[in-house]
Amino acid sequence: MKTSTIFRYILLAVFNAGVFYAIPLSIAFEAWFLLSLIILNAFLVNIVYLTDRFKPMKWILPGMIFMISFVVFPAIYNTYVSFTNWSTGHILNKTQAIKVLEDRTFTPEDQKDILFDLYVLQDQNLQFYFFADLDENNMFFGKAVTDEDIITASFATHEPSLKKNGELSIPDGFYLLSGKEQIANADALQDLSLVIDSKTRAKLFKISVFGASTGSLSSTSQLYTYDSTNDALINNSTNTICPAVDDNFECNGKEIDPGWRIYVGSENYENLFSNQRIRGPLNIVTKWTFQFAILTVIFSFFVGLLLSMILNKDNLKFQRIYRSLFILPYAIPAFVSVLVWKGLLNPDYGVINNWFAPIYEILEIEPIKWLKTKESARAAVLLVNTWLGFPYMFLITTGALQSIPKELIEAAKVDGASGIQSFWRITFPLLMVSISPLLIGSFAFNFNNFTLIFLLSGGGPPVIGSEVAVGWTDILISFTYKLAISGGRGNMFGLASTVTIVVFGIVLLISALSFRYTKRLERIYGNI
Amino acid sequence: MEISKFTNWFKEYGWRHLVGLMFVTFAIYPILFVLTNSFADFANLTNSKLIPNSLTLKHYKLLSGDPLVPYFQWLYNTYKVAFLAALFNVFLGTLAAFAFSRLQFRGRRAGLLTLVIVQMFPSFLAFVAIYLLFFQISDVAPFMGLGTHFGLILVYLGGSIGFNSWLIKGFMDTISPSLDEAAKVDGASEYQIFSKIIAPLSRPILVVIFVITFIGIYSDFILAAIFLKDKNLWTVAVGINTVFVDDFNADWGVIAASSVIAATPIAVLFIFFQKQITGGLTAGSVKG
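Which chain is which? The protein sequence lines are U and Y, in order. In terms of our numbering, the first sequence opens at residue 1 and continues consecutively. In terms of our numbering, the second sequence opens at residue 1 and continues consecutively.
It is worth saying that the hints were derived from the structure and are not from the lab. Treat the hints loosely; a few may be bogus.
Each computed DMTMM-like pair below joins lysine to aspartate or glutamate, with the alpha-carbon atoms no more than 25 Å apart [unchecked claim]:
| id | chain 1 | residue 1 | chain 2 | residue 2 |
| --- | --- | --- | --- | --- |
| 1 | Y | K11 | U | E407 |
| 2 | U | K94 | U | D247 |
| 3 | U | K317 | Y | D186 |
| 4 | Y | K11 | U | D247 |
| 5 | U | K372 | U | D247 |
One-sided and incomplete, this derived list gives chain Y residues near chain U with beta-carbon spacing under 10 Å [what the hints assert, rightly or not]:
| id | residue |
| --- | --- |
| 6 | S4 |
| 7 | N8 |
| 8 | R16 |
| 9 | Y29 |
| 10 | Y79 |
| 11 | Q104 |
| 12 | F105 |
| 13 | Q136 |
| 14 | A141 |
| 15 | L157 |
Which residues of chain Y face chain U? A partial, calculated answer using Cβ under 8 Å [to be verified]:
| id | residue |
| --- | --- |
| 16 | F10 |
| 17 | G14 |
| 18 | P122 |
| 19 | A126 |
| 20 | P142 |
| 21 | Q192 |
| 22 | L201 |
| 23 | A237 |
| 24 | I240 |
| 25 | A262 |
| 26 | A263 |
| 27 | I266 |
Don't be surprised by glycine CBs; every beta carbon is placed ideally from N, CA and C.
Kindly produce the complete structure, drawing on both the sequences and the hints.
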């Protein structure tokens with residue numbers, strides 16, 4: 001066998017070992033989507049590298065796996081999530097939610113008010129021990145443990161011999177803590193409990209400086225028991241039956257948190273278009289997203305074209321210097337320059353308001369609160385994005401202008417066309433042939449220009465009175481981000497995915513249009 | 001005579017310089033402002049000037065000394081993630097490009113088209129699903145789950161490998177097939193043709209793709225912000241945002257210094273490769 005073959009089998013073995021490690025774990029965590037992704041990838045890898053039937057795939061598959069796993073699969077998953085109620089309070093699946101609920105405990109009514117003497121002791125290793133004196137038949141002594149160790153801790157033992165004539169006789173090797181010493185250790189003591197039996201624990205309730213401190217009982221009785229035949233939860237404290245209704249258990253009409261994920265069909269989509277609380281913000285955001293993307297392209301294209309027309313002149317000096325200076329805004333990572341602009345725009349300290357100060361005085365108006373009001377925030381976003389975008393437009397229009405044959409313009413001149421006429425009739429249409437796909441590309445890019453919006457204005461200022469987190473400069477993608485991750489109102493994954501599906505649709509439409517539009521342009525101008 | 005000569009010059013060239021200078025000011029003022037301020041000896045943003053009275057390195061020193069702002073750790077993280085992701089991106093993209101350019105197989109055109117169409121959608125669009133998917137991966141394999149550089153690199157790999165292999169394939173097509181045919185006659189294997197002929201000859205485009213991908217990942221904000229929660233694992237794009245938010249006025253010097261350090265290498269790289277980057281993008285967009 002060749003070394004390369006041996007090497008291939010070793011790699012395959014390692015890969016498959018990973019797969020066999022991950023599959024049972026995915027099942028245990030009920031991560032079905034991940035499981036299907038793993039199985040698909042494992043299938044592809046083994047069929048391609050174990051057989052010789054798909055030779056070209058041996059070259060393509062390594063890269064393709066990443067595309068399948070982190071682009072195509074998420075897109076499908078995203079679609080699935082948009083048909084669920086996945087959100088804060090409905091993150092878990094039903095089995096997990098029941099498990100969380102069944103782990104809840106309560107203190108039965110008859111144990112609530114029982115108070116008793118509790119002594120805190122320490123052994124030579126400075127471990128804490130409790131002696132709980134409930135009554136003459138229940139005098140428990142044992143190590144006090146934290147909640148984490150409670151499962152492994154042994155039960156306290158009944159030790160009536162430690163109490164003689166109403167006094168505690170300290171066992172050998174132990175030290176009885178005074179009230180003051182207990183106060184000094186209060187933080188640690190608060191977390192400790194003495195395990196009396198599988199359901200009952202004794203805890204320190206109140207430290208007393210004189211005499212014994214007070215202890216109380218806390219129970220580990222299970223609050224809810226799941227009844228699978230009736231699909232209901234039984235509340236052991238109040239003895240009520242809480243049936244499962246859609247995605248929550250309900251006790252007397254009150255939902256119990258957490259609920260679980262369910263398939264909700266087109267509910268998110270219907271909400272998007274008919275629920276006024278969501279439709280209102282979505283309308284604002286969608287409209288602004290289009291305005292923002294279109295105006296950005298227009299402004300930066302206008303500035304870029306103007307500059308390239310002005311500077312594209314034979315024998316003009318310093319052309320190279322201009323060109324290299326105009327590239328600078330494009331060369332700097334956007335996350336840096338956007339933040340710098342945020343500093344310049346700062347209404348209180350920023351340079352821009354310093355410049356405008358004389359104008360404010362002449363016009364006798366208040367300084368503009370940049371980024372704090374709807375209009376100023378939108379203007380600022382457009383200003384900064386024009387700054388970011390015009391160098392690219394300058395570069396591509398310069399390139400396109402230089403590729404237009406000079407004879408054409410001169411021929412037009414000979415035929416008596418004015419400068420303006422020859423620009424609109426010849427230069428501009430020819431320019432658009434090569435530039436329009438780039439303009440559409442620029443539109444698509446700005447349609448999802450999250451970095452600019454998020455770092456400059458954070459989408460703000462907030463739309464007052466809206467029930468979902470949304471601001472006046474939010475575009476669809478930053479709105480989605482707020483819904484899903486950081487809106488301060490929990491994670492609305494289901495709804496957020498629904499919005500991204502809408503964005504997917506719009507991007508698809510733009511791409512389709514651009515294909516058709518540019519092909520048509522080529523057909524018209526292609527023969528010149 | 002002199003005056004009319006000047007008016008003529010102005011009509012022909014001068015006004016162009018005037019407009020040009022106006023926009024040069026617009027373009028470089030913020031950059032210059034930050035650059036000089038990062039060295040300026042002043043207290044805060046309010047009394048900052050374009051031309052400082054005296055120069056100092058104190059802001060740069062402050063930047064390295066604050067344990068609450070592990071700026072250089074962020075910088076290291078960013079270079080690490082961007083370098084590894086770009087490297088694997090180019091490596092895997094080259095393998096795929098070779099198959100698309102040199103091997104004949106059914107579904108080649110369809111595969112190529114799928115590659116380009118899939119990559120028309122920015123990968124972060126499905127960020128909700130990516131987040132939830134990696135949430136599950138965190139349970140099964142914590143070392144590559146949410147909050148790890150490993151996981152983030154994987155996502156970046158998926159994000160641009162299709163478009164990159166398409167660009168590389170375009171370049172490989174320009175390498176004369178007679179070269180590999182001659183090698184084939186001499187008994188070279190598929191792998192040898194790739195490693196001895198096609199890959200070395202593709203080096204110019206591979207460098208450009210590496211640089212473009214590196215810059216793209218270095219500048220990414222959204223995926224890094226979703227992925228990385230631990231302050232010490234942040235990339236500079238995520239971290240610098242929190243420095244800026246704290247107090248603009250008082251920390252302006254440090255903010256300026258951090259911006260200069262984050263931006264300079266990328267800007268230099270960009271200007272050095274400017275022709276190829278804009279050319280590559282243009283070519284890609286025109287064809288795409």
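Verification of the supplied hints:
1. K11(Y) with E407(U): holds, 24 Å
2. K94(U) with D247(U): Roughly 8 Å separates the two Cα atoms, so the pair holds.
3. K317(U) with D186(Y): Not OK: K317(U) and D186(Y) at ~56 Å, beyond 25 Å, violated.
4. K11(Y) with D247(U): Distance ~75 Å between K11(Y) and D247(U) Cα, so the pair is violated.
5. K372(U) with D247(U): This hinted pair is violated, its Cα atoms lying about 40 Å apart.
6. S4: At about 19 Å, which exceeds the 10 Å cut-off, the nearest Cβ of chain U leaves the hint on S4(Y) violated.
7. N8: violated, 13 Å
8. R16: Since the shortest Cβ distance to chain U is 5 Å, the answer is holds.
9. Y29: Since the shortest Cβ distance to chain U is 9 Å, the answer is holds.
10. Y79: violated, 13 Å
11. Q104: Check passed: Cβ of Q104(Y) comes within 8 Å of chain U, closer than 10 Å.
12. F105: This interface hint holds because 4 Å falls under the 10 Å limit.
13. Q136: holds, 4 Å
14. A141: holds, 6 Å
15. L157: Status holds, d = 4 Å.
16. F10: At 13 Å from the nearest chain U Cβ, F10(Y) fails the 8 Å test, so the hint is violated.
17. G14: With a closest approach of 10 Å, the G14(Y) hint is violated.
18. P122: holds, 6 Å
19. A126: holds, 4 Å
20. P142: violated, 11 Å
21. Q192: It is violated, given that the least Cβ distance between Q192(Y) and chain U is near 11 Å, above 8 Å.
22. L201: violated, 17 Å
23. A237: Since the shortest Cβ distance to chain U is 4 Å, the answer is holds.
24. I240: holds, 7 Å
25. A262: With Cβ-Cβ at 5 Å, under 8 Å, it holds.
26. A263: holds, 4 Å
27. I266: holds, 5 Å
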